[in-house]
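**Q** Per our numbering, the very first residue in the sequence shown carries number 1; after that it's consecutive.
It is worth saying that the hints were derived from the structure and are not from the lab. Worth double-checking, as some hints may not be accurate.
[To be verified] Label pairs and their in silico Cβ distance ranges:
1. Asp238 <-> Gly151: 33 to 41 Å
2. Pro96 <-> Ala179: 33 to 41 Å
3. Asp148 <-> Asp174: 16 to 24 Å
4. Arg102 <-> Ala145: 18 to 26 Å
5. Pro231 <-> Arg276: 31 to 39 Å
6. Asp148 <-> Asp256: 38 to 46 Å
7. Gly141 <-> Glu121: 16 to 24 Å
8. Pro96 <-> Pro272: 16 to 24 Å
9. Leu271 <-> Val95: 19 to 27 Å
10. Arg102 <-> Pro139: 14 to 22 Å
[As the list claims (entries may be wrong)] Calculated cross-link-like contacts (lysine to aspartate or glutamate; reagent style DMTMM-like; alpha-carbon spacing at most 25 Å):
11. Lys92 <-> Asp238
12. Lys92 <-> Asp270
13. Lys92 <-> Asp174
14. Lys92 <-> Asp106
Backbone N, C-alpha and C fix where the C-beta goes; we use that ideal spot for every residue, glycine too.
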Amino acid sequence: MVFHLGAAFCRSDGPLGLAAGRHQRFGVFPAPANRVRRAGLAVKRAAAGPALGAAARRSGVAGNGKGQGCKSQIPMTNHRKEQAATAALMLKAPVPGRVKTRLAVDLGAAEACAAYQRLAEHQMAQIPRDWRVVVHFDPPGAEAAMRDWLGARASFRPQVSGDLGARLTAALADHDFSAGPLFFLGGDCPYLDAGALARAREALDAGCADVVLVPALDGGYVLIGMRRPHPALFAGMDWSTDRVLRQTLEQAARLDLRVARLDPMEDVDDLPSWQRAQRQLNRS
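With the hints as constraints, model all of the structure from the sequences given.
**A** Structure below.
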């Protein structure tokens with residue numbers, strides 16, 4: 001699925017589905033004059049506009065110019081610091097033939113399923129201990145199997161029917177935002193480590209952004225986080241295509257949301273990406 005909360009093979013010339021240039025850190029548009037950078041983040045307020053290309057430019061799609069440091073527009077109170085972040089993992093039950101089907105073409109269904117399990121277990125291990133974890137699982141009858149697999153740390157919620165947008169929207173509605181921010185992850189990203197998760201939270205805690213994204217190299221994203229619910233970011237997306245990131249940024253622009261983007265990452269879909277992921281897993 002292109003809700004690529006998957007792996008993080010960072011490189012500046014990744015495709016992102018947007019023909020990124022070799023000399024751009026990520027994205028395809030020149031850096032806006034009032035772009036702000038801090039700790040690997042590119043932050044820019046998204047403003048609504050008539051032209052979609054211009055809207056995307058205003059939503060934080062940045063080049064590699066110099067920045068000035070993130071100046072918080074929302075004071076970070078002690079209450080905010082003490083709020084617990086929540087990682088929401090969108091996972092399928094590990095059934096051979098139902099997960100990592102592209103990888104199964106080369107590895108076979110059983111081995112691809114084992115790879116899926118290893119990736120998801122690694123992602124769980126990277127979530128900071130002070131975060132809450134909620135696993136949104138599919139199919140709905142798989143709760144016992146998911147609990148046996150992933151253990152007692154997480155809470156478990158069945159996914160609703162419908163496309164990925166409907167599933168994410170329902171999971172969003174299930175979260176109590178008064179308790180802290182929410183970050184959606186997938187289970188196929190060995191590069192989305194504790195440091196990247198901490199930086200994503202920092203972007204929201206600093207008050208510089210309403211939404212934080214970790215782009216995927218193929219045009220989706222591997223993480224999306226927010227401090228307030230923005231279900232419109234999941235509406236009308238061409239899921240499982242290379243247009244998801246661009247469409248999300250355009251929608252953020254229409255909603256006048258500030259978007260912070262971390263370095264892009266690669267998720268695991270096929271044999272070459274799995275081979276690269278194994279090197280990362282073996283180092284962890």
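**Q** Hint by hint, note whether the structure agrees.
**A** Hints and how they fare:
As the Cβ distance of Asp238 to Gly151 is approximately 35 Å, the hint placing it in 33 to 41 Å holds. Range check, Pro96 to Ala179: Cβ separation about 37 Å, and the 33 to 41 Å hint holds. Between Asp148 and Asp174 the C-beta distance comes to about 22 Å, which sits within the given range of 16 to 24 Å. For Arg102 paired with Ala145, a C-beta distance near 23 Å keeps the hint of 18 to 26 Å intact.
Between Pro231 and Arg276, the C-beta spacing of about 34 Å keeps the proposed range 31 to 39 Å intact. Our hint of 38 to 46 Å for Asp148 and Asp256 holds, since their Cβ atoms are close to 45 Å apart. For the hinted restraint 16 to 24 Å between Gly141 and Glu121, the CB-CB distance of approximately 22 Å keeps it satisfied. Between Pro96 and Pro272 the beta carbon distance is about 21 Å. The supplied range of 16 to 24 Å therefore holds.
Here the CB-CB span from Leu271 to Val95 is close to 20 Å, well matched to the stated 19 to 27 Å. With their beta carbons about 20 Å apart, Arg102 and Pro139 fall inside the hinted range of 14 to 22 Å. Between Lys92 and Asp238, the direct Cα distance comes to roughly 20 Å. Compliance with the 25 Å bound is thereby established for this hinted pair. A threshold of 25 Å between alpha carbons decides the hint, and for Lys92 with Asp270 the separation of about 17 Å falls inside it, so the pair holds.
Between Lys92 and Asp174 the alpha-carbon distance is near 18 Å, which keeps this suggested pair within the 25 Å criterion. Using a Cα cut-off of 25 Å, the hinted pair Lys92 and Asp106 holds, with the two alpha carbons roughly 20 Å apart.
Checked against the numbered hints above, the structure violates none of them.
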